[in-house]
Amino acid sequence: MAPEALDGEGYQGEDAPMKKLLDDPANAVDDSLAGFALAHADLVEVHYAPTYVTRAGGAVSGKVGLVSGGGSGHEPLHAGFVGDGMLDAAVPGAVFTSPTPDQIQPAIQASDSGSGVLAIVKNYTGDVLNFETAVELAEAEGVEVATVVVDDDVAVENSLYTAGRRGVAGTVLVEKIAGAAAARGDDLAGVRGVAERVIAGVRSMGVALTPATVPHVGRPGFDLADDEIEIGIGIHGEPGRRRVPMSTATEVTQALLEPVVEDLTLEAGERTLLFVNGMGGTPLSELYVVYGRAHDLLSKRGVEVTRSLVGNYVTSLEMQGASVTVLRLDDELEALWDAPVRTAALQW
Amino acid sequence: MAPEALDGEGYQGEDAPMKKLLDDPANAVDDSLAGFALAHADLVEVHYAPTYVTRAGGAVSGKVGLVSGGGSGHEPLHAGFVGDGMLDAAVPGAVFTSPTPDQIQPAIQASDSGSGVLAIVKNYTGDVLNFETAVELAEAEGVEVATVVVDDDVAVENSLYTAGRRGVAGTVLVEKIAGAAAARGDDLAGVRGVAERVIAGVRSMGVALTPATVPHVGRPGFDLADDEIEIGIGIHGEPGRRRVPMSTATEVTQALLEPVVEDLTLEAGERTLLFVNGMGGTPLSELYVVYGRAHDLLSKRGVEVTRSLVGNYVTSLEMQGASVTVLRLDDELEALWDAPVRTAALQW
Amino acid sequence: MTLDVEWAERWVRTAADAVTANRDELTELDRQIGDGDHGANLDRGFRAVVTRLDEVAAAPDGGPAQVGDVLKLVATTLMSTVGGAAGPLYGTAFLRASKVCGREAIEAPSVVAMLEAALEGIEARGHARTGEKTMVDAWQAAVDAAGKVAGEGGDGVAVLRAAADAADAGATATIPLVATKGRASYLGERSAGHEDPGARSTALLLRAAVVAAEAADPA
Amino acid sequence: MTLDVEWAERWVRTAADAVTANRDELTELDRQIGDGDHGANLDRGFRAVVTRLDEVAAAPDGGPAQVGDVLKLVATTLMSTVGGAAGPLYGTAFLRASKVCGREAIEAPSVVAMLEAALEGIEARGHARTGEKTMVDAWQAAVDAAGKVAGEGGDGVAVLRAAADAADAGATATIPLVATKGRASYLGERSAGHEDPGARSTALLLRAAVVAAEAADPA
Ligand SMILES: Nc1ncnc2c1ncn2[C@@H]1O[C@H](COP(=O)(O)OP(=O)(O)O)[C@@H](O)[C@H]1O
Ligand SMILES: Nc1ncnc2c1ncn2[C@@H]1O[C@H](COP(=O)(O)OP(=O)(O)O)[C@@H](O)[C@H]1O
Ligand SMILES: [Mg+2]
Ligand SMILES: [Mg+2]
Ligand SMILES: [Mg+2]
Ligand SMILES: [Mg+2]
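Protein chains in written order, with this note's numbering: chain F, 1 to 348; chain X, 1 to 348; chain U, 1 to 219; chain G, 1 to 219.
Keep in mind the hints are simulated off the structure, nothing from the lab. Just so we're clear, the structure is a prediction, and the values are computed from it rather than from any experiment. Misleading hints may appear alongside valid ones.
Going by beta-carbon spacing under 8 Å, a handful of chain G positions derived as facing chain X [unchecked claim]:
1) T20
2) T27
3) A40
4) S80
5) V82
6) K181
7) G182
8) R183
9) Y186
Glycine is no exception: its CB is placed at the ideal position from the N, C-alpha and C atoms.
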């Protein structure tokens, strides 16, 4: 292999090129989806112009359809969760930018087998507005659509003074459990009810150690000193609520978990699912350290952890950091969590 | 939550603290394993002093045992692959340092149900030497042990002038497929034969965009300018074969894939498994871009991709980068790949 | 000059140029208190608008006949290409505006009506009011100034100019505000001290309308 | 002085101190052409050795009786705590060395035999020969020099001193070499220009033996 192999055009520009495995950063989303489609042809079908992803084989007859979507850059969310037992379609927008109604509408229609469709929307102004319009359009075409809005991020106060809590890692749990409810044959009202029960019982909080760089922007979403971390970050490169000195896993975990537990008013004896989510650039080994610490802290409060998830599921490009999510469980939610799932990113 | 929550001791030291979600960096491996054990109590059991991981429930009667191990920092390798259809035990060393014989020996013995044990070793002087001693000790205790050495990294010439090719991402494929052979009831010679067939047919090559920092070292394994990437890296923070300017995904993929294909002497019409592995800090979306490019390049040569794997499976802490692995397939290897597996990191 | 369909087309093209020229500035504003995509989002949208306008102009039945046709084309194109919060908000703004501009040329009262319709559309979709540090602050200032100048007998261009000046000031006035709507609200108090990107892009778009009017009719 | 069991213990403790003091230097050498863990690996190992030695010394039946006992304790402890390439290599070296030191004190010929046994152990495990840019280069130089001084009638300490000096030079001499064994071999030509970390640590360990001898018997 001649060294010239790499001496082609490469990135142009004044500054040092971004270190990303991409060709044209403006095509990052579609290029990635093309590879995704090739790697998972048995599970998904990717549509372009407009861009959306459906389950291979199309809507499942007699089953409520599940559609979610949002800005790209959070992979495997959402396309990685399309498949048996979870989503019927996913709609990826530009990086960190909610998709447009003309992408969402066909995804909703493709997911309808006549039993209606549940749209799972993360609570961001852009996502809510674009889904709203798409749902109106799909309804005009005769599809029955229900919408749930996920807002699990306790870093944001749910008050008059904010756009409301953001939807973050808890979204995966909503998609998995509502997907299982749809798979077992619940009707649209039933599936929506299950999704709303999950949303009511799930809370998250995240930390960034390093920011992420959006490909077509080319510089980090925020600046962080070498010894600072950002507590209460979202998943779109937004800055968080406060900046504190770098600290230990135990202290950081505590800072994430406590507001979650308090907001949920979790009490001794309750059962939970504990989910430690990586933001993309943090090694799995560190996520397990955080998981261990969070588990200990919950145990100390007498809260039982009966299900768990650890990994990079709702990411923010290559951001280093993690979030801690707790979901209050009961027999039904546990059973739905355990139900089989077969997607690119979650299988059992 | 008071901001003081994070004002505890934190890291000490002259320089800016490392940005890692850890408590004492010297305990990183055990702390992570403790969380891993809590999260996957249904799958694994973690033993300490000496440290090794076994399948929950112990050796499977009548089945050949599979043991692998190596330095930590490559998670989910190896402990994430302990479970049904894959490994019976994994032995994690210190970060990037092969484990010691006194860890490996009990892992081998715990995996023996009387049908013998296959040790899967990545080809590094340290791993080979420590496993050698451990195998001798286990044999002295009456365990029949066979050893295979994985050496899939074409970045290293397999010649008199090197310690031989390194074992890298291909190790996962060896563990999965040999694990399936053991699960279907092959005897030790048979399982070893399958593993050797995989080793003979698998090649990899990797690239680093940014280096990784070993927790107890506190600074990057090598230095890379903002516009440079390192081609032909290993998974231990070693520098690679050559440093080139940052380039496009297409060019980088080509530089990785070509030597792999040539070393395998792949011809048109052959079937392959294409595996794009993330080094830990690169977003999944970029791995799919690389996958798509590699798939295209193989297709152009008439090589068929019939199985695929994309994700962070053999990592190098938070290194940004990826490797491309190709495995030559036949009916038997395809069937063994498809066979059920239930581990923390791979399930179907 | 008359604010006719040629002006409307020129407005849109001027706006597209202004967005491209200020893309990085908008992005940087959004990076400070949002997610750093506002410039890229609008740029993507307006480039699509220009492409679409070129297509329509090249069609055998000629270009748009009414000011409202141009605004509607902008609305639907932004809606389907921008995404994020700004896509539906600007989309609705231009859609509502198009509905009160169903003629070949518009005069001062229609300019006011157009701006009012746009503002109402944004408020209807986004539920924000003045003072919440959003694009509403720029639009509201523009509407107020436009109404005043129109009431004083100013012509269409004078009304537009007053609107653009006011939007500019309205955008600047968002700097000290604490956001209570949109992504910047997540920052709480930390959002103060930064200009709202959507308010700034609103000022750019309205300035483009003035520039487009003046280009045909140099004073 | 006599190279007795007290000397052996002092050697090991001095070596442990030297490793800790040079931990970062060894790590940096390994970072250049390896994986940056040699300092940490050896430091972990030698701290365990010291702990073990303290335990054994505190045991009711007293400390080790022979030089070989001390070396064997070093061997087994390094083997089970160092890992990597250096663990088994140093482990085997000290194990083989212990076998030829089964007495209360050793003289010049035993010092040579000890060094030879260590070198043979390393060669047997690692299959490296001189010139491959490994610790073998330092050990081989030490063995050669030790043999020479012993042949000339030097006493044990003189032999040790020659060995340490030669190991030092041998380590330095690895700088221009291209590695063909161990992790540095992956770098090919790029390994030239850097000192081999294992050769350097070998020189440190042998120097510690001299320091330990001199400490008891200041010249
Ligand atoms: N509820 C709202 N009402 C009015 N304007 C809003 C609202 N939410 C956000 N905006 C405007 O949208 C702008 C951000 O647009 P953009 O960055 O494109 O979308 P996003 O916030 O989804 O990334 C803000 O600067 C603000 O002016
Ligand atoms: N085959 C070999 N024979 C002799 N010495 C070797 C061999 N391979 C490696 N070494 C020595 O081991 C040293 C590296 O040790 P260390 O860094 O602890 O282990 P690792 O290479 O596994 O990280 C090298 O500097 C070299 O001196
Ligand atoms: Mg956005
Ligand atoms: Mg090592
Ligand atoms: Mg934005
Ligand atoms: Mg090393």
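Taking the hints in turn, this is what the structure says about them:
no.: 1; hint: T20; in the structure: 13 Å, violated
no.: 2; hint: T27; in the structure: 6 Å, holds
no.: 3; hint: A40; in the structure: 5 Å, holds
no.: 4; hint: S80; in the structure: 4 Å, holds
no.: 5; hint: V82; in the structure: 7 Å, holds
no.: 6; hint: K181; in the structure: 6 Å, holds
no.: 7; hint: G182; in the structure: 5 Å, holds
no.: 8; hint: R183; in the structure: 6 Å, holds
no.: 9; hint: Y186; in the structure: 5 Å, holds
When the structure is compared with the earlier hints, a violation turns up for hint 1 alone.
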